[in-house]
Every structure is written in C-alpha cells, then in structure tokens.
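Participant: So the chains spell out like this:
There are 2 protein chains.
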Amino acid sequence: MSALKNVKILDLTRVLSGPFCTAMLADMGAEVIKVEHPMGGDGAREPSAAVNGESLYFMSLNRGKKGITLNLKDKKGLEILKSLIKKSDVIVENFRPGVMGKLGLSYPDVKKINPGIIYASISGFGQDSPMKHLPAFDLVAQAMGGIMSINGQKGAPPTRVGVSLGDTSTALYTAFAIVTALYNREKTGYGQSIDVSMVDSIFSLLEMSLFSYLGDEKEVQGRMGSRHPTSYPYDVFEAKDGYFTIATFDNTGFSRLCEVMDRAELMEDERFLTDTIRGKNDAALKEIIHSWSNELTVEQVLDILEQARVPASPIYNIQQIAESDHIKAREMLVPVDHPVAGPTRIPAMPVKFSHTRATIQGPSPLLGEHTKEVLKNELGFDDQFIKKLADNKII
Amino acid sequence: MSALKNVKILDLTRVLSGPFCTAMLADMGAEVIKVEHPMGGDGAREPSAAVNGESLYFMSLNRGKKGITLNLKDKKGLEILKSLIKKSDVIVENFRPGVMGKLGLSYPDVKKINPGIIYASISGFGQDSPMKHLPAFDLVAQAMGGIMSINGQKGAPPTRVGVSLGDTSTALYTAFAIVTALYNREKTGYGQSIDVSMVDSIFSLLEMSLFSYLGDEKEVQGRMGSRHPTSYPYDVFEAKDGYFTIATFDNTGFSRLCEVMDRAELMEDERFLTDTIRGKNDAALKEIIHSWSNELTVEQVLDILEQARVPASPIYNIQQIAESDHIKAREMLVPVDHPVAGPTRIPAMPVKFSHTRATIQGPSPLLGEHTKEVLKNELGFDDQFIKKLADNKII
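Each protein sequence line maps, in turn, to chains X and D. Counting in the working numbering, the first sequence runs from 4 upward without gaps. Counting in the working numbering, the second sequence runs from 4 upward without gaps.
Take the hints with a grain of salt, since some may be wrong.
To be verified - Listed next, the stretches of chain X that the computed footprint assigns to chain D, with coverage defined by at least 3 CB atoms under 8 Å from CB atoms of chain D:
# : segment
1 : 42 to 55
2 : 120 to 134
3 : 313 to 321
4 : 356 to 363
By construction, these hints were calculated from the structure, which means they are not laboratory data. Note that CB positions come from ideal geometry on N, CA and C, so glycine has one too.
Let the hints inform the model, and build the full structure from the sequences given.
Facilitator: This is how it looks when you write it as structure tokens:
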C-alpha cells in the first residue's frame with residue numbers, strides 16, 4: 004500500500020532542497036516526474052562521490068523518480084510543460100524568486116491552467132523577502148539564519164553545521180506542507196501555493212538560543228561547543244583513545260558519576276551542588292572528569308557508565324554509524340540496482356509506517372530516461388514527433 | 004481556512020520532539036489536547052528562558068494547544084485517557100519504547116479501542132532497535148547518528164550541532180508522517196502506526212558525508228569547519244571587525260573576487276586554476292583573502308562583494324536575525340498574549356500557505372487549563388464528578 008498512490012508531482016527542482024523533498028514523496032508512492040534541461044541536467048549529476056562514475060548524491064536524492072528532459076527556454080518546450088501541468092496534482096520548484104514568473108509559470112499563471120494545483124516554491128529567503136535577491140546557498144542561509152553564531156566551539160569562528168541543513172530542513176517543511184495541502188484539497192477541492200524559505204527554516208530551529216533572546220534576559224547566546232546551555236555534565240569528554248558523551252541533567256546521574264569516579268566528596272562540593280551551579284563551574288568539572296577518563300579507553304569508560312546507569316554514549320564516525328547494528332536493524336541503508344552504478348546502498352526515509360510503508364521505488368533516472376514514455380503516455384505524442392523534438396534539442 | 008480543521012490529536016509528548024511536531028499540526032488548525040501529569044506537568048514548564056516567570060520554551064512549543072492533566076498511573080486516569088482515545092484521530096507519544104505497552108496502550112491495544120487511529124511514536128532509536136534501551140537525549144542521538152563527527156572545526160573535538168536537531172528533525176519527519184497517514188486514511192479508511200527515531204532522523208540528513216563513505220572511495224570524512232567538502236572559496240573569512248562568508252563554486256565567482264582584491268594574477272596561479280584545485284589549496288587561498296579582508300570592516304567587504312556579484316553574506320547572531328527586516332517581512336516572530344507572561348513573541352512555522360494559512364491559534368495552556376472543558380465536552384462528565392477526580396489527584 005502506498006499512501007500517495009496516484010498523486011502526480013511535476014518536479015522542476017535541482018540539487019538538494021527540492022529533490023530531497025520530492026524523494027520523500029516518491030518513497031510514499033507519488034509519481035514524481037523530474038524535469039531537467041537536455042544539456043547536462045541537474046548539477047547534482049556531477050559526480051563528487053560516485054559509484055562507477057554515477058553521482059551518489061543524485062542517485063540518493065532522485066531515487067524512484069521518472070526523469071524527462073525539456074528545454075524551458077524553448078516555446079515548444081514550455082508548451083509541453085504546460086500540458087504536463089494540466090495532468091499534475093503538485094508542482095515543486097526551487098528557482099530564484101521571479102524566474103518562474105518570467106517563464107509565464109507563476110502561481111496565478113499555473114492556476115489558470117490547473118485550478119486545483121498545489122504549487123510549492125523553495126527559495127533562500129522566500130518569494131517576498133526584502134532580501135530575496137541575495138544568493139541562496141546553504142552557507143548563506145545558515146549564516147543569516149543565525150545558526151552559525153551558535154554552532155562551534157567557544158572562541159572558535161562561527162561554524163557551518165556539517166550538513167546542508169538550510170536545504171534539508173526546508174525540504175522537510177515543504178514535504179509536510181505539500182501533504183497537508185493534498186489532505187486539504189481532498190476535503191475541500193482547493194489547491195494553493197506554498198512558499199518556504201531556507202532562512203526561515205533555519206530560524207525556526209533555533210529554539211533555546213532564540214528563547215533566551217526573546218525572554219526577559221534578552222541574552223544573545225554564542226557558541227558553547229557541545230555543552231548544554233545550563234546543565235552539566237552534558238558535554239563531550241576525552242578518554243585516552245577518543246571522545247565520548249555524558250548526558251546527565253540531574254543530581255541522580257551526577258551522584259552515580261561521582262561514585263564510579265570514586266569521588267563521592269564532589270557531591271558535597273559547593274561548586275557542584277546542583278545542575279545549574281555545575282553548569283557555571285563546567286571547566287573545573289570537566290577537568291575532574293578528564294583526570295578520571297584520561298586513564299581509560301572509550302570502551303572502558305562506556306562500560307563503567309552503562310553499569311552505573313549514567314547516560315553516556317560513544318561518538319560514531321560516518322562509517323561506524325553506517326555499519327552499526329542499529330542501522331541494519333532499522334533498514335536505514337537500502338540497496339538499489341542502478342543501470343550504470345550497479346547495486347548501491349542509499350539512505351532510506353526514517354519513518355516506519357505500519358501500513359503505507361515508505362519504499363524506495365527504484366533507482367534514479369538516467370538523464371531523459373523517461374522522456375519518451377511520459378510524452379507518449381501522458382500527452383499521446385507519437386515516435387515521429389518525439390524524434391523531431393529531440394532533433395530540435397527541445398527534449 | 005484551516006487545513007487540519009476537525010482533526011483531533013491526543014498529545015502525550017513532553018519537552019521537545021513531540022511538542023514541536025504537534026505545534027506544527029496545531030498551527031494548521033488541528034485540535035491538539037496535550038495530556039500532562041497533574042504534578043508539575045511537562046518538564047519544559049521549568050523556566051530556563053522566561054517571560055514573567057513563564058517558560059518561553061514551553062510557550063513556544065505548546066502554543067494553540069489545549070492542556071489537560073491526567074494521572075496515567077491511576078486506573079481511573081487511564082480509563083479516561085482511553086475514552087479520549089476513542090474520540091481522537093491521532094495519538095502522539097515520545098515515551099521510552101515499552102512504556103506505552105506497560106500502560107496497556109501499545110498500538111495493538113489502542114487499535115482495539117479505535118481501529119482508525121493514527122498512532123505516532125517518537126524515540127531515540129526506534130521501537131525495535133537493538134539499542135532501544137540506550138538514553139534518548141539529543142546529545143546521544145547526535146553523537147551516535149554521526150553528525151557530531153563532521154560538525155566543528157578541523158582538529159577540534161566532535162561538536163554537537165548548536166540546536167537540538169535530533170529532536171527537531173524527528174519532529175519534522177513525524178509531522179510529515181502524520182499528515183501523510185491522515186491523507187491515506189481519508190482515501191482508504193485505514194489508520195496505522197508510525198515509528199520515528201532520532202538517530203535515524205539525524206542519519207538521514209548526513210547527505211554528502213554519507214555519500215562519500217558509500218561511494219567507491221569509501222572516504223570517512225571528518226570535521227572541516229565551514230568549508231565545502233570540495234569547492235573553494237566557500238567558507239567563513241575574517242574582516243577586521245568580524246566574520247563573513249564567501250560562497251562561490253566556480254571560476255566566474257573566483258575571477259570576480261580576484262579582481263576586487265586587485266589580484267588578477269591569481270586566476271593564472273596553478274594552485275587556483277579550478278574549483279577542485281582551489282579546494283586542495285584552501286589554506287593558501289584563505290591567507291590571501293584574509294590579507295585583503297583584514298584591512299576592511301565586514302560592511303565594507305560585503306559592499307564590495309555585492310557590487311562585484313560575488314556570493315557572500317554577513318553572519319548574523321541571534322539578535323541580528325530576530326530583529327532583521329527579513330524576519331519582520333516574513334512574519335516569523337508572532338505575538339501571542341499569554342495570561343501570565345503577557346504579550347510575547349514566539350517563532351512561527353516557516354511555511355506560507357496561500358489558502359490554509361498556518362496560524363498560531365492562541366497561547367500555550369496553563370497546567371490543566373482545559374481539563375474541565377475537555378472532560379465536560381468530550382466525555383460529558385459533570386462538575387461533581389470532575390471535582391472528585393481532582394480531589395483524588397487523578398486530574
């Protein structure tokens with residue numbers, strides 16, 4: 004059973020935010036038709052990490068989609084797109100604001116062709132921001148969204164989050180919004196437009212640091228490494244062969260920690276009486292913990308802490324989590340068989356539905372792989388006409 | 004118009020992941036009934052950042068919800084909950100795996116009471132992971148999900164992302180999943196269970212670093228500060244009074260940069276001929292850029308780069324983004340009038356719908372504010388019976 008069976012999505016997006024969003028919808032069974040320029044297509048096809056020369060980035064973000072090519076700068080190409088719009092439930096685009104309008108594909112334009120359409124736009128700043136002309140790269144969205152000012156070690160420069168969160172958080176909001184609009188359309192018959200920006204998405208995730216500023220104290224927090232804003236020890240610590248975390252908020256956890264370190268007297272130490280007081284004397288406490296953990300391996304430390312029921316964990320690198328029993332048990336890496344790359348593992352969507360299971364429907368499309376099929380089946384074009392379009396570089 | 008009008012959600016969640024998810028659903032018009040323990044309620048009520056003593060964290064994450072108290076360890080309390088389940092479309096919980104089962108509230112149990120229910124569970128590792136017994140704090144999910152190994156400066160310790168991304172990314176997936184299940188139920192009549200884990204959610208966001216490991220090179224990337232894995236200059240740089248970003252991937256942007264720095268000869272320098280080659284000589288290029296930018300203020304640098312159309316940006320702290328024209332224009336901080344805190348600004352959901360506008364429906368509930376109303380209206384209890392429940396500390 005597929006939740007989004009029979010939902011047709013016309014996908015004009017490239018690289019990360021849009022494709023990440025439509026991949027989620029494809030996994031839920033929607034038919035996603037990805038439209039690419041005949042010359043080269045989506046920039047994500049450029050292989051930076053590859054299997055047999057095929058970009059894993061593209062493969063992962065475009066699994067289970069159909070791929071067609073269409074030159075939207077050509078009048079005929081645009082006409083074909085409009086015919087496909089008539090047959091679609093959803094259109095998703097992540098051009099710079101204004102580009103769709105110049106193509107005659109603004110929401111009011113598209114609504115005339117298909118009144119019930121759901122029209123989702125992803126951009127750096129939104130369709131109506133005074134800053135909408137600024138470049139919409141992930142680094143910029145993270146820099147201006149505020150998150151870099153609170154990410155990184157104390158004293159270090161503001162640090163980009165190590166993943167493209169400006170893109171992916173926007174993708175998640177947009178996927179939520181599209182399904183919400185589909186539900187509403189089911190109830191009311193109305194389509195609508197959806198406008199999601201990367202800066203807004205980053206801003207929406209600031210939580211504690213934003214609350215600290217909006218609260219009575221008006222505190223502008225900066226970077227504080229891995230530690231909790233107030234509680235301690237909730238931080239990263241060092242053993243003799245690597246790092247680990249301790250994540251305790253309360254005196255129960257702390258007293259257990261003191262016992263395993265054979266330092267029961269710390270519980271009476273006025274620097275460490277409560278969570279909040281410990282938070283203010285974090286450097287002193289960190290040094291004490293290190294004087295214990297520096298003598299042990301990470302494995303030894305974690306064994307001791309688990310026994311004593313002190314919340315703690317290893318810190319996995321990419322290989323360790325990818326090959327972990329957890330990821331295996333959760334089937335979070337899924338094999339796909341790609342015509343060029345061959346059998347390849349790509350990450351699954353992390354939602355386990357009991358009934359409408361999220362399923363990777365197939366490999367990503369080769370450039371233009373489904374052009375013929377879609378033009379024939381959806382629009383009834385014949386071979387001769389399709390050949391002419393190809394000869395004229397419209398597809 | 005509200006997209007989720009008439010959708011009833013029973014919310015058994017606390018602190019961050021669950022409440023963030025149900026706040027999104029409340030903004031779309033769902034009726035969310037938050038169930039709290041009569042003694043103290045959700046831990047997020049503890050004010051760490053506050054307005055007039057009221058926790059902004061709680062206010063923001065629970066806006067527009069109804070709040071009732073119910074002691075689920077009491078037989079009668081549990082019975083009342085089951086009566087409410089009968090009248091709900093969705094139930095959301097973020098207890099440790101197994102807790103709901105012990106209460107007789109596992110999905111199979113609840114399905115017997117309400118066959119069409121959508122039952123969403125959020126946890127650290129998932130309902131069936133071999134690691135499900137481990138502590139499910141955000142720090143642990145980030146540490147084991149792999150993201151900390153790639154977040155932070157080169158040479159620095161693994162660094163927690165400066166926001167609770169383990170919680171919030173899971174919230175976003177769960178909100179998407181719930182609405183997807185609602186859509187499917189509308190089409191088919193079937194409910195289902197949904198199981199989302201924090202570690203899986205973090206894992207799903209690794210993109211480039213995960214692809215690098217899954218690709219032919221099997222590269223295990225580490226921390227690389229703010230820079231792009233391959234391209235340069237896409238990084239954070241220093242001016243004499245602060246930091247800024249340059250975000251250029253190609254020779255066009257680089258040649259413009261060389262010109263404004265009056266260093267046209269760099270375009271011929273064999274260390275900087277292409278994006279990828281520049282990426283390998285990042286330290287040398289960073290030094291050259293700094294020798295130029297160190298003489299200027301951030302404002303001067305950004306003026307020059309904007310004129311020359313080199314993608315670049317300021318790095319906003321929390322106050323700067325919160326008070327920016329962008330956030331004002333996008334209405335991303337919304338006033339709510341809270342009975343205790345008074346008029347307070349909280350962050351909005353970053354999706355602009357043209358038809359079913361996301362709207363903060365009201366302030367967060369005081370502890371048990373709607374207990375009477377809900378028990379009367381939903382279950383037909385009378386004042387006397389409600390008083391008895393209160394006297395017995397069941398509500």
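Participant: Confirm or reject each hint.
Facilitator: Hint check:
no., hint, result
1, 42 to 55, "holds (count 5)"
2, 120 to 134, "holds (count 7)"
3, 313 to 321, "holds (count 8)"
4, 356 to 363, "holds (count 4)"
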